[in-house]
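Visitor: Construct all of the structure, not just a fragment, from the sequences and the given hints.
One-letter residues, chain by chain:
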Amino acid sequence: MFLLPAIILVAVFVYVFLGWNLWLSLTDWKGLGGTGEFVGLKNYIKMLTHDRIFMISLKNTLVLSGIFIGVTIPLGLFNAILLDMGLRGRRLFRLIYLLPLSFSFVVSATMWLWMYAPESGAINTLLRMIGLGSLAQPWITASSQSILSLAIVYIWQFSGFATLVYYAGIAAVPQQLIEAALVDGASTFRKYMSIIIPLQRQATVTTVVLLLMYSLRVFDLVWLTTGGGPGYSSQILSTYMWRVTFNRNQFAYGAAIGIFMFLLSMVILIPFLVAVRRGEEA
Amino acid sequence: MRALKRRKMTSFIKRLVRRKYYIYIILLGLSVFYLLPIYAMINTSFKTAPELAYGPIQLAKGFNLSAYGEAFQRIKQPYVNSAIMAVSATLLSSFIGAMAGYVLSRYRFRGSSIVFFLIIIGFYVAPQSILIPLVRFMGMLGIYNTYFALILTHTAYGVPITTLLFKHYFDAIPTALVESAQIDGCSVIGVFTKIMLPLALPGFAVVGIFQFTNIWNDYLYGLTLTQGVASQPVTVAVANLKGTTVAAWNVHMAGAFMSSIPVLVIYLFFLRLIVKGLLMGSVKE
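As you go down the protein sequences, you meet chains P and A in turn. Each residue of the first sequence is one higher than the one before, starting from 1 at the first, in our numbering. Each residue of the second sequence is one higher than the one before, starting from 1001 at the first, in our numbering.
Treat the hints with care, as some may be off.
Which residues of chain A face chain P? A partial, calculated answer using Cβ under 8 Å [to be verified]:
no. : residue
1   : Tyr1022
2   : Ile1057
3   : Ser1129
4   : Pro1133
5   : Thr1235
Just so you know, these hints were derived from the structure itself, not from any lab. Heads up, the beta-carbon is just placed ideally off N, CA and C, and yes, glycines get one too.
Guide: Here it is, written out as structure tokens:
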């Protein structure tokens, strides 16, 4: 049957692996030799009650996702409205806004390390050039700014995508609706506020789902810029999971963090996925 | 004279407002935000080592390619690995997704919507949740630290999204075509290969490009499943350029830029297909 290859691959690589990972998380397995003893929920209890770094990572993950989505969604909508004003060259601007998405996180990590470098980095250099040297910041090298600096990179990379979805969403608004409003004497501002933006619910929900999914799993960008530091100030679940598993060889504990990440993403994503399905049926 | 000047000035401002110049100013300001890091990367990659001291903004004195030479030596084998890996996994996952998407779009059987749901859930599972079993599994198959491991991994985790994209794609093709072929005595396989596949070619372009960019840009699986230049993808090799020589930003940037070229070319020349793929994966229409 045609479905078989897909079913087998997904069954093994998603469901069998999830089950396997769950089982590992209930043992004290420490590495490649041996299999480890069954210890029940011990790893989870340790994680949730005794591990301060885990809690910091969880908090950082949520804060990062919050800032990222809280800025990307309005910025994407704003960009899309500007592009919708019917200016010449809007295709070029759309391309420019989308370009960051083409780079791997490895490349964007490289670029932004060079942007943020405190002494010779691009941002601080520019600030000094225009006489605003006092505004120069330590960026990712300071614990108080590391999460915010990383959020800016996420926003840089994904806001073009949000722009694109909203741009398509605005284009899909029936022309009669807009014309009717204009006949009634609505201003451009009213046109967007009262007619177009309220119709973007579906676009918002689908964008939030994808952005959430990425922000909960992104590893490369943080790993290659701050490595979770300074201290634990930008440690997030994905980097902490890697550190625990592959640097400290606490495989069972890493598996428990992996399962926690799965549950977290499902708890956060399922309401949105349900909303997407509802929107499709409506 | 002065009054004239002022009148000229106000009419200039009026024109500015009417012609929406101020929107251009905002658009250009935002463009700086999006382009500055890219400029810093390309500009730095053309610098010589002594020039690095001037920082990333000051324009390079010329197109000095020495950083490219050094970076290329270190990433050329990984570059080939990435090409093999991304092309094979793209083809495999697109083809498997096309078959599954076709069946799920055309045939309603008991549990078909549950099967579809269970497949696309795979798209939302974070790699960290299956990473340890994945490493073990590749070890058991004896292909850990080869690019076969990466091909298999990217194919498997590509299937949910390719199935989703192809299902939506086939949903939009009218059933009348299929029915008339069936009346003419075409088998299921015949309908698929003779009618659906040719019709799906544009779909393959969209899905293929979408998959290729994702796979080419992956770092986590490459980092976890391979060691050493013989098997690692270019993303891992570029990340490793950083650690070895102290602050050789020009080499690092040259490597980063070279690794971005395939996807950048796709964005510049096939933007329409990229846009379609991104939208098909989100706003499903």
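Visitor: Would you mind marking each hint as holding or not holding in the structure?
Guide: Status of each hint after checking the structure:
1. Tyr1022: 10 Å, violated
2. Ile1057: 5 Å, holds
3. Ser1129: Where the cut-off is 8 Å and the nearest Cβ of chain P is about 4 Å from Ser1129/A, the hint holds.
4. Pro1133: 4 Å, holds
5. Thr1235: Holds: closest Cβ of chain P sits about 4 Å from Thr1235/A, inside 8 Å.
Violated hints amount to a single one, hint 1; each of the other numbered hints is respected by the structure.
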